[in-house]
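Enquirer: Add chain C to chain R, keeping to what the hints say.
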Amino acid sequence: MPGTVTKKRKTNRHARAAEAITEPRWVRRLLIGATLGFLGLFLVAPLLSVFVQAFSGGWDLYVQSLCDADTLSAIRLTLLVAVIVVPINTVFGVIAAWAIAKFQFVGKSLLITLIDLPYSVSPVIAGMIFVLLFGLQGWLGPWLEANNFHVIFATSGIVLATLFITFPFVARELIPLMQAQGTEEEEAARVLGASGLQTFWRVTLPNVKWGLLYGVILCNARTMGEFGAVSVVSGHIRGETNTMPLHVEVLYNEYNMTAAFAVASLMALLALVTLVFKSALQWKTAEQIVPEEQGYTGD
Amino acid sequence: MGITLFYLSLIVLIPLAGLFFKSASISWEQFHAAVTDARVMASYKLTFGASLLGASINATFGLVVAWVLIRYPFPGKNLVDALVDLPFAMPTAVSGIALTAIYAPNGWIGRWLDSLLGIKVAYTPLGIVVALTFIGLPFVVRTLQPAMEDMDAEIEEAAASLGATRAQTFRRVIFPTILPALLTGFALAFARALGEYGSVVFIAGNMPMKTEITPLLIITKLEQFNYAEAAAIAVVTLGASFAVLLFINLVQWWSRRYAA
Chain R
1466 MPGTVTKKRK TNRHARAAEA ITEPRWVRRL LIGATLGFLG LFLVAPLLSV FVQAFSGGWD
1526 LYVQSLCDAD TLSAIRLTLL VAVIVVPINT VFGVIAAWAI AKFQFVGKSL LITLIDLPYS
1586 VSPVIAGMIF VLLFGLQGWL GPWLEANNFH VIFATSGIVL ATLFITFPFV ARELIPLMQA
1646 QGTEEEEAAR VLGASGLQTF WRVTLPNVKW GLLYGVILCN ARTMGEFGAV SVVSGHIRGE
1706 TNTMPLHVEV LYNEYNMTAA FAVASLMALL ALVTLVFKSA LQWKTAEQIV PEEQGYTGD
Chain C
5 MGITLFYLSL IVLIPLAGLF FKSASISWEQ FHAAVTDARV MASYKLTFGA SLLGASINAT
65 FGLVVAWVLI RYPFPGKNLV DALVDLPFAM PTAVSGIALT AIYAPNGWIG RWLDSLLGIK
125 VAYTPLGIVV ALTFIGLPFV VRTLQPAMED MDAEIEEAAA SLGATRAQTF RRVIFPTILP
185 ALLTGFALAF ARALGEYGSV VFIAGNMPMK TEITPLLIIT KLEQFNYAEA AAIAVVTLGA
245 SFAVLLFINL VQWWSRRYAA
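Chains as they are written, first to last, in my numbering: chain R, 1466 to 1764; chain C, 5 to 264.
Bound-form chain R, shown alone:
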């Protein structure tokens, strides 16, 4: 039958075409093996070792390490910093991304460079500049001391340093997304009589909700896990200015391995949750763009 014959010929042609641009099987197997080996060595092994070491003393010791007073205060401090930093950076990240993606103004590329700046600075240097600014010997140091404001070696310093480090995350996530979406929908809304604020709430934000969520999650993960900058700024005062990563270091340096890895396992769990969220978000946004692609690959 004509239909069947055509189909068979098409399949053969496609199969041969596909073969011409693929490697031989042994090369494929070798490369897949190399990939799994490399990733297993560098990614899976460390991840596993955190949990294995954490539970090496049994479940009771694990819980005991986590319920230690200093550990609990470290957890509380980390959560406090996250609760302050993430919303602030989200708000300003959205505003910055909105300004960059939807408007034209002089100095736009300068603004984009500024936003990327914390991303490219070493965390230690980031912490240091806050010490230089707010420390006892710094610019504002004497004034702060006179007014009994404690910034460095106190929670506010940690908050400020973390704000600096994690600011780009939300903005960088949103800018390409908003730029890709263009301004047509907003223009349509304005034409239909929506005010600026209404346009923002009911058109712009819902369009970027998944990217925003991912940016917030990344910002949160980085906030809770920041080590270098906070290490410089916090003064390592146990029970007062130790965040979870700093507390891990303290425990590790005391050779209290099980406790160190117990706290570390909590953070590794957070990292895994972040990864799961990312995959879910990618899957969700892929759902939205696949219909467009199918138009192209449909033939």
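Because the hints were derived from the structure by calculation, they are not lab data. A few of these clues could be false.
[Stated by the list, open to error] In the BS3-like style, the derived pairs of lysine-lysine whose C-alpha atoms are separated by at most 30 angstroms in a straight line are:
| no. | chain 1 | residue 1 | chain 2 | residue 2 |
| --- | --- | --- | --- | --- |
| 1 | C | 81 | R | 1674 |
| 2 | R | 1567 | R | 1743 |
| 3 | C | 81 | R | 1743 |
| 4 | R | 1749 | C | 124 |
| 5 | R | 1749 | R | 1674 |
[What the hints assert, rightly or not] So the derived list for chain R, only partly shown, Cβ under 10 angstroms to chain C, looks like this:
| no. | residue |
| --- | --- |
| 6 | 1488 |
| 7 | 1499 |
| 8 | 1594 |
| 9 | 1596 |
| 10 | 1637 |
| 11 | 1644 |
| 12 | 1664 |
| 13 | 1668 |
| 14 | 1692 |
| 15 | 1714 |
| 16 | 1733 |
[What the hints assert, rightly or not] Residues of chain R placed beyond 12 angstroms of chain C at every Cβ, according to the derived structure:
| no. | residue |
| --- | --- |
| 17 | 1512 |
| 18 | 1534 |
| 19 | 1646 |
Treat the numbers as computed from the prediction; the structure is a model and nothing was measured. Beta carbons are placed, not taken as given, at the ideal position from N, Cα and C, and that holds for glycine.
Expert: Same frame as chain R, now just chain C:
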């Protein structure tokens, strides 16, 4: 826009300006002496060399990983793809102690390397390279993936139909196309490795002149309240980071010029 600029100035610009002002507070000779001191130079060499090596390893293996993830279906691929972002999501301190635990002389892998090959990883520059490879891993893979996805199958088919072997096609068609992305990923991993602190300090051993990285040296100077010298070293490090960023921008500008 005004709000954004205000917030940015507060959080980013003013602190950074403070850095430059502080390092300007000492004389030129003092600055020069501070940044060329033997211990500091040793730390530059170590940080720079280890970052270069780590980024190169990532460039090579990252290319393989990205290739496999884009082109070959295999069971568990989505899991592996998600896992590539682990160094991004995991706190640096956690990665640091995990890597040290594995590569220490009594660790899972360190044990084998030590007894079979006599190679010590933890507390040596090799350990630093391992840590820097870990944290730079996502950069190369994630930069390459979109570039590889964007590639047209037609070009490869054309090469094959003109008689190229698979190796030739890779060398002369595919590789030049993804080279800008590869360079960008390499530079990003390199820049990140230059400033990395948390994952490295645990595995490094931190012996001055031997396994002390520049960020650690900065912290040591800060702890000694030697702010001016710390600022001087930081300025040099920032200069290196900005040079790398400039390189990345140049690569992207160059690739846009020659793109279709």
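Enquirer: Now look at each hint and say whether the structure bears it out.
Expert: Results of checking the hints against the structure:
1. C:81 / R:1674: 27 angstroms, holds
2. R:1567 / R:1743: Between residue 1567 of chain R and residue 1743 of chain R the Cα gap is close to 26 angstroms, so the pair holds against 30 angstroms.
3. C:81 / R:1743: Holds. Residue 81 of chain C to residue 1743 of chain R sits at ~15 angstroms (cutoff 30 angstroms).
4. R:1749 / C:124: 45 angstroms, violated
5. R:1749 / R:1674: At roughly 11 angstroms apart (the allowed maximum being 30 angstroms), residue 1674 of chain R and residue 1749 of chain R satisfy the hint.
6. 1488: Holds. Min distance 6 angstroms.
7. 1499: Since the shortest Cβ distance to chain C is 6 angstroms, the answer is holds.
8. 1594: 4 angstroms, holds
9. 1596: Check passed: Cβ of residue 1596 of chain R comes within 6 angstroms of chain C, closer than 10 angstroms.
10. 1637: Constraint on residue 1637 of chain R not satisfied, violated at 13 angstroms.
11. 1644: With a minimum Cβ separation of about 15 angstroms from chain C (threshold 10 angstroms), the hint on residue 1644 of chain R is violated.
12. 1664: Interface hint status for residue 1664 of chain R: violated (16 angstroms vs cutoff 10 angstroms).
13. 1668: For residue 1668 of chain R, the interface hint is violated, since the closest Cβ of chain C sits about 19 angstroms away, which is over 10 angstroms.
14. 1692: Because about 4 angstroms separates residue 1692 of chain R from the closest Cβ in chain C, which is inside the 10 angstroms limit, the hint holds.
15. 1714: The hint holds - residue 1714 of chain R has a Cβ within 10 angstroms of chain C, the shortest such distance being about 6 angstroms.
16. 1733: 6 angstroms, holds
17. 1512: The assertion about residue 1512 of chain R is violated, with a minimum of 6 angstroms to chain C.
18. 1534: 20 angstroms, holds
19. 1646: 18 angstroms, holds
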